[in-house]
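Those protein sequence lines, which keep their order, are chains A and B.
Heads up: the first sequence runs through residues 1 to 249, numbered per UniProt numbering.
Heads up: the second sequence runs through residues 1 to 249, numbered per UniProt numbering.
If you're looking for bench data, these hints aren't it; they were derived computationally from the structure.
Because the structure is a prediction, the values reported are computed rather than measured.
Worth double-checking, as some hints may not be accurate.
As the list makes no split between identical chains, a pair holds if one copy fits it or if it spans any two.
[To be verified] Below 25 Å or equal to it, Euclidean Cα-Cα: the simulated DSS-like pairs (lysine-lysine) are:
#1 K206 with K240
#2 K90 with K71
#3 K170 with K180
#4 K170 with K158
#5 K180 with K47
#6 K90 with K208
#7 K208 with K71
#8 K10 with K188
#9 K180 with K15
2 protein chains.
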Amino acid sequence: MDSREQILQKSAEAKELYLPHISVDPVVFGFDQNELKVLLVKMNYKKQWLLPGGYVRQDDDLDEAVVRVLKDRAGVTDVFLEEFGVFGRKNRSQLYFEEFDDSLFQKQRFISVGYYALYNSSEINPIADDVSEACEWVYLRQLPEIILGMDHREIIEKALLTLREKISTKPIGYNLMPEKFTLPELQKLYEAILGKSLNRGNFYRKIKNLNVLKKLDEQRYVGAHRAPELYSFDIENYEKALEDGLNNW
Amino acid sequence: MDSREQILQKSAEAKELYLPHISVDPVVFGFDQNELKVLLVKMNYKKQWLLPGGYVRQDDDLDEAVVRVLKDRAGVTDVFLEEFGVFGRKNRSQLYFEEFDDSLFQKQRFISVGYYALYNSSEINPIADDVSEACEWVYLRQLPEIILGMDHREIIEKALLTLREKISTKPIGYNLMPEKFTLPELQKLYEAILGKSLNRGNFYRKIKNLNVLKKLDEQRYVGAHRAPELYSFDIENYEKALEDGLNNW
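Input sequences plus hints: build the corresponding full structure.
If you want it as structure tokens, here you go:
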């Protein structure tokens, strides 16, 4: 079956299963090698990259739909998910399938609900579904080099802006960092999200004043270099600091 | 025409005009007498209160839809609007119209996109549409006393939480306060949004440190009392402070 036939077959199935006009698009972020990355699928059809999005079943709550879609399309489960924006321009989705007849389920107008998701990337092995030839992490740095379908570049940009806005009020560091990390690694995450360099001294002072980290007794040995100090989040204090971040008046 | 017939007539019109399954619900906030209030409509049918929501035309962008709906249902124009949440539980909207046949447009499953809006309430005269017997401001304090249809109480609560989260990053004060105000009035707005009392000295110090206010040369005379000092927002500095609020690392 070629990718075109596959699209037609999916259309027939979709008409039975899904609500028209509504889709979900999760932007899964990981942090690796001091860089942010997002999880994308490369579709068999057109070979463009897209977010691993999907549709809403008649009997799904919307929040259940996005969990199911992530599992089916990328093999991702147990992930922090939060809605961050709705993408509803009237021609955002139709052009992608322009060679098909208007009766194609996938070709109708979709208003898509964006969710950002945070994943400690060491734990995930993305699995492509049957309409995709790949499901892979792509570093944000690499995004300008690839072809992203529909308005998915805009959705990713808005998701990143959302991380920036929520860095002090949502468990973003906790969900993206490994369990044990060094302060320079945490600073790199903040820099990647904020899109700018931070002064090391200021960052250390601020993060320590928040009282959200606990220094571990162990160290990481890297060759002959001085062993860096390892930290973990102190969950209780971290959650309290997020509440204060909401409410620092 | 009774309210039941009116619902049936609207259903026939709606099937021609609107996308199925998607609605918008604006939560318009005003600030008056040192209290927050929201704009609600009281429907002819069932006499319950609802947000002044509506549907999305086939040829509307989603953002255009909510602007049109607010104008048509409440006579509200020129308002700061931002999407804040999507309400997609599968049975959230159907029960409201349970006495009708399932073919009724209004009775289908709707996933609703919530927008918060900010309005300087001195400038608005809400106008009810033809399916509502009233369109009125209701103080948040009064909400427990009224019957709110569907999940609109939950939508309002989430909208208020959003104001709380965004008080330092979105032009909330600017859009809710009158052009000229006193510091005690501004403090009352922050207290209403944050849902707690603030220490006066701390509040004055913090707000002055933000450098977003300009003291006016005029004063407000109230009987024999000492005239309170009047302030306005310094728009340029205010917008800069909001950006810093986004990015205070």
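Verification of the hints:
1. For a Cα distance limit of 25 Å, the shortest separation of K206 from K240 qualifies both inside one copy, at 16 Å, and across copies, at 22 Å.
2. Proximity of K90 and K71 under a CA criterion of 25 Å is satisfied inter-copy only: 20 Å between copies versus 28 Å inside one chain copy.
3. For the identical chains of this complex, K170 and K180 are intra-copy neighbours only, at 19 Å inside a copy versus 35 Å across copies, given an alpha-carbon limit of 25 Å.
4. For a Cα distance limit of 25 Å, the shortest separation of K170 from K158 qualifies both inside one copy, at 16 Å, and across copies, at 16 Å.
5. For the homomeric pair K180 and K47, neither the shortest alpha-carbon distance inside one copy (38 Å) nor that between copies (57 Å) is at most 25 Å.
6. Taking the shortest alpha-carbon separations for K90 and K208, neither the intra-copy value of 47 Å nor the inter-copy value of 44 Å comes in at or below 25 Å.
7. In this assembly of identical chains, the alpha carbons of K208 and K71 never lie at most 25 Å apart, being 37 Å within a copy and 50 Å across copies at closest.
8. Proximity of K10 to K188 under the C-alpha cut-off of 25 Å is found in neither arrangement, the shortest distances being 42 Å within a copy and 56 Å between copies.
9. Neither within a single protomer nor between protomers do K180 and K15 lie at most 25 Å apart by alpha-carbon distance, with minima of 47 Å and 56 Å respectively.
Against the hints set out earlier in the document, violations occur for numbers 5, 6, 7, 8 and 9.
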